[in-house]
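Visitor: So you can see what is in the structure, the chains are spelled out below.
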Amino acid sequence: MRQPLNLIIILFLLSIASFAFAFSMGSIQLSLQQLIAALSTNESSIAHTIIWDLRAPRAYIAFVSGALLSLAGVLMQVLLRNPLADPYILGVSGGAAVAALLAMSAGLAGSWVSGSAFIGAFISILLVFGLAHGKGNWNPARLLLTGVVIAAGWGALINLILSISPDKPLRGMLFWIMGDIHNISPSIASLIVLLLGLMITFMLARQLNILSRGDMQAAALGISVKPLRMSLFLLASALTAFAVTQAGSVGFVGLIVPHMIRLIAGSDHRLLIPASVLLGGSLLVISDTLARVIIAPQQLPVGVITAFIGVPFFLFLLNRSMTGKHHG
Amino acid sequence: MASLRTEKLSIEIGGKQVCHQLDLDLQPGQVWGVLGRNGVGKTTLLHSLAGLRAVSAGKVLLDQQNMAQLPRKTIAQKLGLLLQHTEDVFPASVLETVVTGRHPHIANWQWESAADYSKAEHALEQVAMTALAQRQVNTLSGGERQRVAIATLLTQDPDIYLLDEPNSHLDLHYQISILDKLCEFARQQQRIVLMSLHDINLAARFCDHLLFISGDGKSLAGSADKLLNSNDLSDLFQHPIHTVQTADGVLFTPA
Numbered sequence: 001m002r003q004p005l006n007l008i009i010i011l012f013l014l015s016i017a018s019f020a021f022a023f024s025m026g027s028i029q030l031s032l033q034q035l036i037a038a039l040s041t042n043e044s045s046i047a048h049t050i051i052w053d054l055r056a057p058r059a060y061i062a063f064v065s066g067a068l069l070s071l072a073g074v075l076m077q078v079l080l081r082n083p084l085a086d087p088y089i090l091g092v093s094g095g096a097a098v099a100a101l102l103a104m105s106a107g108l109a110g111s112w113v114s115g116s117a118f119i120g121a122f123i124s125i126l127l128v129f130g131l132a133h134g135k136g137n138w139n140p141a142r143l144l145l146t147g148v149v150i151a152a153g154w155g156a157l158i159n160l161i162l163s164i165s166p167d168k169p170l171r172g173m174l175f176w177i178m179g180d181i182h183n184i185s186p187s188i189a190s191l192i193v194l195l196l197g198l199m200i201t202f203m204l205a206r207q208l209n210i211l212s213r214g215d216m217q218a219a220a221l222g223i224s225v226k227p228l229r230m231s232l233f234l235l236a237s238a239l240t241a242f243a244v245t246q247a248g249s250v251g252f253v254g255l256i257v258p259h260m261i262r263l264i265a266g267s268d269h270r271l272l273i274p275a276s277v278l279l280g281g282s283l284l285v286i287s288d289t290l291a292r293v294i295i296a297p298q299q300l301p302v303g304v305i306t307a308f309i310g311v312p313f314f315l316f317l318l319n320r321s322m323t324g325k326h327h328g
Numbered sequence: 329m330a331s332l333r334t335e336k337l338s339i340e341i342g343g344k345q346v347c348h349q350l351d352l353d354l355q356p357g358q359v360w361g362v363l364g365r366n367g368v369g370k371t372t373l374l375h376s377l378a379g380l381r382a383v384s385a386g387k388v389l390l391d392q393q394n395m396a397q398l399p400r401k402t403i404a405q406k407l408g409l410l411l412q413h414t415e416d417v418f419p420a421s422v423l424e425t426v427v428t429g430r431h432p433h434i435a436n437w438q439w440e441s442a443a444d445y446s447k448a449e450h451a452l453e454q455v456a457m458t459a460l461a462q463r464q465v466n467t468l469s470g471g472e473r474q475r476v477a478i479a480t481l482l483t484q485d486p487d488i489y490l491l492d493e494p495n496s497h498l499d500l501h502y503q504i505s506i507l508d509k510l511c512e513f514a515r516q517q518q519r520i521v522l523m524s525l526h527d528i529n530l531a532a533r534f535c536d537h538l539l540f541i542s543g544d545g546k547s548l549a550g551s552a553d554k555l556l557n558s559n560d561l562s563d564l565f566q567h568p569i570h571t572v573q574t575a576d577g578v579l580f581t582p583a
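If you're matching them up, the sequences are chains A and B in order.
Under our numbering, the letters of the first sequence match residues 1 to 328, in that order.
Under our numbering, the letters of the second sequence match residues 329 to 583, in that order.
Worth double-checking, as some hints may not be accurate.
In silico EDC-like links for lysine to aspartate or glutamate, alpha-carbon gap of 20 angstroms or less [claimed, not checked]:
#1 226/A with 353/B
#2 401/B with 43/A
#3 387/B with 415/B
Calculated from the model, a selection of chain B residues having no Cβ within reach of chain A, i.e. all distances over 12 angstroms [unchecked claim]:
#4 404
#5 429
#6 434
#7 544
#8 568
In case anyone wonders, no lab produced these hints; they're calculated from the structure.
Beta carbons are placed, not taken as given, at the ideal position from N, Cα and C, and that holds for glycine.
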């Protein structure tokens, strides 16, 4: 049990480092001393204001979103028993995006957009749940097909909205679709959802290990498969809905982070779940910081950066584990 | 030790009758073989006996209790099933996989104890997989995977073992040695084994009771001595089967 604990400690330190990075980078750069000074006193200095009013809320939103998406990715991959599954595969983000874009084209902004996104996400969840449930038979293939087709439908609607939209809101819409963390106020709700989700899935972790070996095998080993699958679907969808509501559909994190942890530490969900949450959160904090400083004062959509960091890192891990297998 | 009975059990799949009003009584220490042609429903029968499939009529009784009303976990503490297929989409080591057999015996929030791991290691020894304990399952051969699945079942340590073609992918040596160990264990420890087999001679060698499924709802159940004759076997397989007297006893060969 020593090695898994080490990984969690390393990832925990990475999370702290990612916050330090986010706090110190920006139009005014803070050195480590300034950072510690600003964090350790309560008096208002410029550094203090910059950190607590600007950078901390944003880093917090990025961390919670990345963590929610990674956890949702782990759950979707087991639920669909498909390594290509990501949090958006069943159309949750598509539903959210359609609703958010409609709100934007109606001239709404801020919490109106995120509120609409949340409602859109839940409409999509209920739609997929109702259709895939069908006549009682709830297998991964049917769920996957239903979700993918619904997602494709949302995709067409998104394109329709984009193509008939006037130029003015178009830029905001594109940013929303690519994932974007700004102009949102941090909420405690998504953190609560994250912690609840983490607790529940950690309790289910051993059942998830067995479910990934097939529904029949899971049932033969004493798991009530149908209720487990339903709760996984609802949980993963809810986590995704909260993530998308605050950060737009940030790509890549939910697909790749679980695989990164599997490559480093194997597929035991008792380790995979907390490790993915920490890595996913850190990855999004670092990406979002880069998104706002790389070509400052202009901002990039965070989803672009996640892919730029994630793709080479993932290929490195994959390559390393492949060569390891040949020698071992 | 648990017992397994069926009362007027009828099973249908895709409009086909697997069995009709079947009464079975499996007693501790017995080794049963299920024989029948391809597609008669041997797997369906095993899944129904394991409570994984709704039956058309009648009951499966585990320790006198209707299995349809028992929670899955309670069933899995007493009854284990070797499936023909398991999936391994995500990487897992052999030992990790085998120790999942302890799942029904551990509370959901608990972790496997040292005792659970030593049970798994003992099971790996039984199927001669100790040396491969740290290997990834998806790098194993078909026969090695089958031995991992059998070790998982041994780790589950149920009273009743339902085995769906335990010999598939196994070479001659493991076909004999694994069934030898399992059947001897069952007779000594008063467990029940029921397995579907394709090889009549293996059934004759290991089973004391047989169940013949012909695919039209008809079935024959009874002691192996009574059912192993060329008439009943030829009827079952719809192919003439002869008996040959050898120094090792009677052997059955297709004409």
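Visitor: All the hints need checking, so say for each whether the structure fits it.
Guide: Cross-check of the supplied hints:
no.: 1; hint: 226/A with 353/B; verdict: 30 angstroms, violated
no.: 2; hint: 401/B with 43/A; verdict: 59 angstroms, violated
no.: 3; hint: 387/B with 415/B; verdict: 30 angstroms, violated
no.: 4; hint: 404; verdict: 3 angstroms, violated
no.: 5; hint: 429; verdict: 7 angstroms, violated
no.: 6; hint: 434; verdict: 8 angstroms, violated
no.: 7; hint: 544; verdict: 27 angstroms, holds
no.: 8; hint: 568; verdict: 36 angstroms, holds
Checked against the numbered hints above, the structure violates hints 1, 2, 3, 4, 5, 6; every other hint is satisfied.
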